[in-house]
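Put chain B on the given structure of chain A with help from the hints.
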Amino acid sequence: MAGTGALTRILFEDFSASAVWLFYAIAWTAIAAFAFGVYVQVRKYRRGAAAQIGGSLSGRFQAMVGLVLSHRTVGRRDRPAGVAHWLIFYGFVLLFLGTSTITLDHDITGPLFGVHFWRGDFYLWFKLVLNVAGVALVFGLLYMMYRRGWLRLPKLDYARPDRSAADPDFDRSGYRREDWAFLWTLLLIAVTGYVLSALRLVWLADRPTVWDYRWWSPVAAALAGLMRSCGLTAGAAGLGRDILWWFHGMLALLFIALIPVTKVKHMFTAAGSLMLRDPEAAQRLPRVPAEQQHAGARFITDFNWKQLLSLDACTKCGRCHEACPARAVGAPLSPRDVILSLREFANRTLSSAQIPAEAELDVHGKGPGQVAMETLWACRTCMACVEVCPVAIEHVPIIVQLRRKLVEEGQMDPQLRKTLQTIHKTGNSFGESKRKRAAWTKPLPFAVKDARKEPVDVLWFVGDYASFDPRNQKVSAQFASMLHDAGIDFGILYEGESNAGNDVRRVGEEGLYEVLAESNIKTMSAARFNSIVTTDPHSYNTIRNEYPEFGGKYVIQHYTTLLLKLLRENRLEPARRLSYRVTFHDPCHLGRFNHGYEAPRDILRLLGCELIEMGRSRANSFCCGAGGGRIWIADPVGADKPAHNRMREAAQIPGLEVYVVSCPKDLTMFEDALKATGNEGRFVVKELIELVGEALEQETIGPDATVRTPIAAPPASPPSRPSNELSQSA
Amino acid sequence: MKILVAIKQVATLDEDFEIRADGKDVERDFLVLDMNEWDDFSLEEAMRIKEASADEVEVTAVCIGAEQVDDVLRRGLAKGADRALRVWDPAIEGSDPIAIARILAAVVRREAPDMLFTGVQSSDHAFAATGIATAALLAWPHAAVVTRLDYTCGANSAFLQRELEGGLLHEMQIDCPAVVTIQLGINTPRYASLRAIKQAAAKPIELLSLEALGLSAAHVGPSGSLSQVRRMYVPEKSRAKMVEGSVTEQAAALAAIIRERTGGAA
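Same order as they appear, the protein sequences are chains A and B. Quick note: the first sequence uses the numbering used here, first residue 1, plus one each step. Quick note: the second sequence uses the numbering used here, first residue 731, plus one each step.
Possibly wrong hints are sitting among the right ones.
What follows is a set of in silico ranges between Cβ atoms, one per label pair, in the way DEER data are often shown [said to hold, decoys possible]:
1. B:Met972 <-> A:Ser579: 44 to 50 angstroms
2. A:Lys366 <-> B:Ala931: 31 to 37 angstroms
3. B:Glu767 <-> A:Arg177: 52 to 58 angstroms
4. B:Gln929 <-> A:Ala575: 54 to 60 angstroms
5. B:Gln980 <-> A:Glu374: 49 to 55 angstroms
6. B:Gln929 <-> A:Asp171: 39 to 45 angstroms
7. B:Phe747 <-> A:Arg618: 46 to 52 angstroms
8. A:Asp450 <-> B:Gln929: 31 to 37 angstroms
9. B:Phe747 <-> A:Arg577: 34 to 40 angstroms
10. A:Gln415 <-> B:Gly884: 35 to 41 angstroms
11. A:Glu374 <-> B:Ala784: 31 to 37 angstroms
30 angstroms max Cα-Cα, derived DSS-like pairs, lysine-lysine [said to hold, decoys possible]:
12. B:Lys933 <-> A:Lys522
13. A:Lys425 <-> B:Lys928
14. A:Lys434 <-> B:Lys928
15. A:Lys265 <-> A:Lys366
16. B:Lys928 <-> A:Lys553
17. A:Lys425 <-> B:Lys971
18. A:Lys434 <-> A:Lys453
19. A:Lys565 <-> A:Lys449
Honestly, the hints are just simulated from the structure, not real lab data. Positions of the beta carbon are idealized from the N, C-alpha and C atoms, including for glycine.
Bound-form chain A, shown alone (with noise of 0.2 angstroms):
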């Protein structure tokens, strides 16, 4: 390409002195506003408390870009969208650093230095660059008109389960119109970008400098062509310019203005969030500090500055929205309205130069903006919200410090609130004695060591349901025997053994979290042993996670990885193939809280089944909804229940005839929720453990042997008559 040395555009070509000035004037009058703007956000969040955040801020930073530059949270779950945004995305940061360049040369290099390099060589690939960026720009963008107009997602509706239409927040007009007016907008700076382009080629086509390189922005040469087949002459098409090159700029120099106040300031807020993202957001929930004087959160004021923070980062993508197990099935919840509404509050409150008096920020009720305590207590804490959010928002944590406040307060179910009062008089939920925590392994043909006196190799955390429920004791009792067959060297703590407190901490009431965690902290520290084993995922990610910020470090791990070994290594023989045609349901606590996905899948290609997966599984596993503590509050008489719709999915695959499960809640829930749905004699409901039994051919412990009864066996014979209608007809 010699000779092309001199091509450039000529910036402001025959405008008057006074025209650059405006310009100019307008300009930095849109940066100031965009400073300004900048300026009351963060001031905004810096109104929140203190906040920790761990880790080298060069490593966040990085892990921020790698995960904006690659867009990985953006298309999960929605790939088409996550295209699109690319799209966007790559489309506007590509014409963003060329308009700064542009700037760079013009009023910085060249000015100061006398240096221009946006000229030539470089000038002509710059155009063909921000041409195809533009090109992706227009595409990714008429996408998102095409879904928001046409695909009408669910998720893309602003509905509120939460409120009814006659509250003032109900109407979430305002942020469809500030999304449309977000795609119009940037569709229309792309748009009259490449007819400005168009028209000064027109405009200045006598020119070889400028027609004779006009392919090189090829989207703008067609144009022009176009333009001038229709016969547009120079002279309009340069008047055309002087009137599209104003209402171009304008409209730029006002969007620029206007990021920090629209959801345009996902931009910043979203790597902000990303960058501050905790991965154990849910698993390991806050410390309450001792001398703090309420415990959780009331005021807006209580949650920390990258709290505050994030909530700018939601874009009302929906995701949470539709992965919310509440949701799903009707209750006043909805983790995407939890973050708008805190939004809202926050903006409201917290924009101004003074802040108002605390009763105006308090954020619990039904006021607009404010969360009401029904949707807190909605919440089961899956953590589906937290792992699908892609930028970072932590709901879950959120969510159990607002329930913080109402516990303080006693807002509760009164059915949780006995609870709570009886596992803090006896330890466990079931309101037992504690005495009676180990009766299950009396029908044991062996003992079960007390790892309190004597020191074993594996402790064995049991948990309240694997201890206390009838159903759950026999898997209880079959885990024992395996452990014991398997020659591993295990025990048990007793009565020593409380409530793990995962749920407990979960509701809200930190607390008696405390009480419980440093009881069985106590108790471990008393016992020798080398690892932990844990039948219950509730207790092995508090164990797991929780419990080293109280002192207690263990090896711990779920049951599923310690029978894969021993299958592994032969030191359980399966007698015989099950061939049975399984799913396998994700327990939250052990798959998306600590990634537990392979293990029980693997034992159940081991044992010989049939795996077939649902369409909801591993990280976007459907929750039972016994999480949060829900397992002890009672769902609304007649309304749907996440157990029964998890059952309803299960149901539509073909042949199914066990149903697995690797949580004892998840065994308590799902065979409830097979009778209600009507699948009962259709497909079971199993404890993996119950598999292994049976392919083990092991003795079944207790009185009726469920487990070696044939699976998917035809419904009993109807119960015999009661005798006294024989002794009526006698």
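For chain B alone, coordinates are given in the frame of chain A:
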């Protein structure tokens, strides 16, 4: 202004239990101790009056017992009671409700509250006597089994509703100060979070001796009581038995039982 709330620490039985060697009570090791449920409601009632009052109202919780009753007083403090009093002297051991009422009356004379609330009864011994006996000793008006109370602290009278047999309700006006025994369900007691209970651990519990109340060992314990426990025991299980099976089987089983009872004569 002040409302005094009497609280009792009650015992519930653990799974298996044993009777004490003297046969008059359950061995202490087998008891699970907790706040008497009725007292939870009377404390809540006092707290609601306090919170609704324009003037400063002090809610004082009082419990008679050895150190272990501090637990229930702490729970009271956690729920918002302003002060906690504990009365104890080893001589109090073995007091009947009349002797306890004598102590409570002495506390009332010392504290001079505008109202004394007690529960209708305690869930372990169920005498339902302490509150009323205290009223008698003080010569104060009293109302029992109160299910609704409209009272402004410091007022000369209170309006209240009582639960009678057969679903009847009784509305009364009572002169104050008075003793009111509160029935379950009058309100919804608040939840004392563990955090609040822990924070209450830092609050003082005032210890009162018999001397401080102007009483002596002779006024309390068995010597100050009008009744004594003679024996506590588990009655033999009833011998009721369900006869099941077909009519023929039932008849045969019945005949066998009759034969057994009548010594085989039938």
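These are the hints, each one checked on the structure:
1. The supplied range of 44 to 50 angstroms is met by Met972 of chain B and Ser579 of chain A, whose beta-carbon atoms lie about 45 angstroms from each other.
2. Our hint of 31 to 37 angstroms for Lys366 of chain A and Ala931 of chain B holds, since their Cβ atoms are close to 35 angstroms apart.
3. The given range of 52 to 58 angstroms is respected by Glu767 of chain B and Arg177 of chain A, whose C-beta atoms sit roughly 56 angstroms from each other.
4. Range check, Gln929 of chain B to Ala575 of chain A: about 58 angstroms between beta-carbon atoms, so the 54 to 60 angstroms window is met.
5. The beta-carbon spacing between Gln980 of chain B and Glu374 of chain A, approximately 54 angstroms, falls within the hinted interval of 49 to 55 angstroms.
6. Roughly 43 angstroms separates the CB atoms of Gln929 of chain B and Asp171 of chain A, a value that falls within the hinted 39 to 45 angstroms.
7. A beta carbon spacing of about 50 angstroms between Phe747 of chain B and Arg618 of chain A agrees with the range 46 to 52 angstroms that was offered as a hint.
8. Range check, Asp450 of chain A to Gln929 of chain B: Cβ separation about 36 angstroms, and the 31 to 37 angstroms hint holds.
9. Checked against the given bound of 34 to 40 angstroms, the beta carbons of Phe747 of chain B and Arg577 of chain A, roughly 51 angstroms apart, lie outside it.
10. Under the hint 35 to 41 angstroms, the C-beta atoms of Gln415 of chain A and Gly884 of chain B, about 38 angstroms apart, fit the expected range.
11. For Glu374 of chain A and Ala784 of chain B, the hinted distance range of 31 to 37 angstroms is satisfied, since their beta carbons lie about 32 angstroms from each other.
12. Using a Cα cut-off of 30 angstroms, the hinted pair Lys933 of chain B and Lys522 of chain A holds, with the two alpha carbons roughly 26 angstroms apart.
13. For the proposed pair Lys425 of chain A and Lys928 of chain B, the alpha carbon gap of about 15 angstroms is at most 30 angstroms, so the pair holds.
14. At most 30 angstroms may separate the alpha-carbon atoms for a hinted pair to count; Lys434 of chain A and Lys928 of chain B meet this at roughly 23 angstroms.
15. In summary, the hint linking Lys265 of chain A to Lys366 of chain A is supported, as the alpha carbons are separated by about 28 angstroms, within the 30 angstroms threshold.
16. As the CA atoms of Lys928 of chain B and Lys553 of chain A are separated by approximately 25 angstroms, the hinted pair is consistent with the 30 angstroms bound.
17. For the given pair, Lys425 of chain A sits about 36 angstroms from Lys971 of chain B by alpha-carbon distance, which is inconsistent with the 30 angstroms threshold.
18. A C-alpha spacing of about 17 angstroms is found between Lys434 of chain A and Lys453 of chain A, which places the hinted pair at or below 30 angstroms, so the restraint holds.
19. Annotation: proposed proximity of Lys565 of chain A to Lys449 of chain A holds, straight-line Cα distance about 22 angstroms (limit 30 angstroms).
In summary, the structure is inconsistent with hints 9 and 17 from the numbered list given earlier, while agreeing with the others.
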